[in-house]
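Enquirer: Now for the letters of each chain:
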Amino acid sequence: MTSKLQSLPGLIIAGFILLFVSGAFSALLLHSPGFDLAVLWSDPYYRHVTAFSFYQSFLSTLLSVGLAIPVAHALSRRSFFGKELLLKLFAATLVLPVLVGVFGLLAIYGNSGLISQLLGFFDYKLPFSIYGLNGILLAHVFFNLPFAARLLLQPLQSLPVENHKLSVHLGISHWNKFKLVEWPCLRQQLPHVCGLVFMLCFTSFATVMALGGGPKSTTIELAIYQAIKFDFDLQSGALLALWQMILCGTLAVIIQRFSRPVPLTSTTTSSEPVPFCDSKSARCWDLLWISAAAALVIPPLLMVIINGLNAQFLAVVTDIFFWSAVKNSLLVAVSAAFIALIGGVLILITSRSWRLIGLQFRADKIELLGAIILVTPGLVISTGIFLLLRNITDLFSLALLIVIAVNALMALPYVIKTLAQPMLHIAQQYDKLCSSLGMSGFSRFYLIEWRAIRVPIVHAFSISFVLSMGDLSAIALFGSQDSTTLPLYLFQLLGSYQMDSAAVVSLFLLMLSVALFALIEKIMVKNNVVK
Amino acid sequence: MIKFCSVKYQYQQEQFNFDIDIGTGNIVAVLGASGAGKSTLLNLAAGFINPLSGDIQIAGKSVLDVQPHRRPLAMLFQENNLFAHLNVADNIGLGLDPGLKLTRDQKAKVADICRQVGIEKLLPRLPQQLSGGQKQRVALARCFVQNKPLLLLDEPFSALDPVLREEMLTIVKKLAGKHKVTVLMVTHHISDALNAASHYLFVEQGKISSAGEINNLNAENPNPSLRHFVQAGL
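Taken in sequence, the protein lines are chains A and B. Anchor point for the first sequence: position 439 equals 1140 in my numbering, and the numbering is continuous, going up by one each time. Anchor point for the second sequence: position 166 equals 623 in my numbering, and the numbering is continuous, going up by one each time.
One or more of the hints may lead you astray.
With a Cα cut of at most 16 Å, we get these calculated EDC-like pairs of lysine to aspartate or glutamate [stated by the list, open to error]:
1) 460/B to 512/B
2) 578/B to 547/B
3) 880/A to 512/B
4) 880/A to 547/B
5) 558/B to 547/B
6) 1028/A to 1183/A
No wet-lab data here; the hints were simulated from the structure. Computed from a predicted model, the values in this text were never measured in an experiment.
The following block holds chain A by itself, in its conformation from the complex (with noise of 0.2 Å):
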């Protein structure tokens, strides 16, 4: 096969990729005169905004990993009933529709939640307040510690039997195997987790828009929100989202430098129990780390459930405003997904082809070109999008179309990450077979790639979907009566303090999400045990 017919499509793709990036970019230069970063510097608030920014990222960096080390070496040692699912809730959580997380911690925490409500039974007051940098805290803390903690637990597990076997040997203690076997193996994967884990809470949008907001808990990504949306100060957004853009590219630049991933290896989770030495006091120290870790991350998800099904569900699900919602979402998540997978997986042909003459830098730029979204945050690329057809088009009638685009861009980094182990393999397998045999083009794809590595590409696009579905910082800009998702409705109903309404659309968009998550990734996987 020559591997011009094959360098094609990744290039197509990636050159529509720079096309929509760099309009965006050109239009926030063209509304921010100057380029002033002084401006900024000499702006007490945007100062404020800044160092907020970094501020919680950093905390809820240092809580959501520090916090997951010992729940993931907890997890590493113990077998429990419902093990399983816990690890699937963990799953869960990061791709989980960030409102409706919010939604259930507020029925916990927040201020008629649940605590409050059992305190107030005792004539207590609640302590704390959700809003500002307690509920940011806690959001990103539900939402990034069970993921690193899993990210954490694959190393725990890739150590092999005999180091557990040599440790109980030779009587080394908890303590000191912990910092002379499982200590260096975890540190490996550290700089790699921290660094993902800021990245995420440091370009977090929905969250600190639900629960922080006021002019002291106000992050870069919010502001420029503000600023468009509220004070129509395009020239401020507009700043504002070229130094979250450069923000986002250093510290993606120093996270590459420093954090050298660990290729993980799928889970396989040995049925061979790892044998330790084992006592009381690590067993209460075990069992204390795995129930504040559930207590942490299922109770939220169960009050969406619960409090889901309640006498305002009849009004919602009658009224055609939430119809016209799901409907919005369906079309976004389902197109969004679309356009990530057929997207990334031309842009892994491409990038496999050239990997297989040995073309390493050029396949991981391509591949890196397809993430680039981590650099700029979606309401970033929409803040831009926003400016350059603002003038062009009526920008509301194409609301849906530009959070299509700006999704399917938000997922392709996860549809890259999915499925460019997989099909690379499956070129060095099967390559120079397929070509033996004259097979190329779709049919290759449909009767070996599909055939062969269907369950990747299937959660590929659950993923994404799930993601589209939930996401709001697309759509927050372009929002508008006839084009509202899900998201965006159960935002205005927090933001109307409607709980009741709220939680029916949040079990709603939970059941969407997750559930159709799990419900296509069996349909699929199922089927393809059968053939």
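Go by the hints and put chain B onto chain A.
Expert: Showing chain B alone in chain A's frame:
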């Protein structure tokens, strides 16, 4: 030296039942097909798994209630005998103090044993900078600094080439003789057994079906499966 008294164990569908008494100073080759229960025998002795019933005695005392690290034995696995992120000196040092706080005497002991197995130049290296044979030498050195009367070898040399394997067995034989150590070594190679062992035992479907002195390990053995095993291996 080590005695299995009707030791019963079950893993999933497989049942194991061991009964054997091994004399002090013997070097016993443990033979048998894959999955017959050779490693299970060693894991029971080492205390990584516990029998359902029966008793295991080492030097006349039951070790069932003894923590693995307090049992008077040292052990070597087929692979991953070394912690990948610790250098050779630390990996050996762990055999003397599990917290790695070594006295000057202990450090001298490490250096001494390293000379005996010929790895004194490798002390600062990490396992990834060693060859397969060097890694197992380091692991063997750790076993000998532990200074235990019983040594369990779970196929540690089977991945090495024949020349290296013979070299390693010679070291084991020499050191075992010098320190009066009893050795139980699992192996697939009849030649290893004939070269190094004084006795053999043959494990078949979770039981020891034949045992005796090494000169009985030949194609005329009364046990038909063992005869077959020997013929295939020669």
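Enquirer: All hints are to be evaluated individually against the structure, with a verdict given for each.
Expert: Each hint tested on the structure:
1. For the hint linking residue 460/B to residue 512/B, the alpha-carbon distance of about 8 Å falls within 16 Å, and the restraint holds.
2. A threshold of 16 Å between alpha carbons decides the hint, and for residue 578/B with residue 547/B the separation of about 14 Å falls inside it, so the pair holds.
3. Between residue 880/A and residue 512/B, the direct Cα distance comes to roughly 35 Å. Violation of the 16 Å bound is thereby established for this hinted pair.
4. At most 16 Å may separate the alpha-carbon atoms for a hinted pair to count; residue 880/A and residue 547/B meet this at roughly 13 Å.
5. Taken as a hint, the residue 558/B and residue 547/B pair is honoured in the structure, with Cα atoms around 10 Å apart against an allowance of 16 Å.
6. Under the criterion of a C-alpha separation no larger than 16 Å, the hint pairing residue 1028/A with residue 1183/A is consistent with the structure, at around 11 Å.
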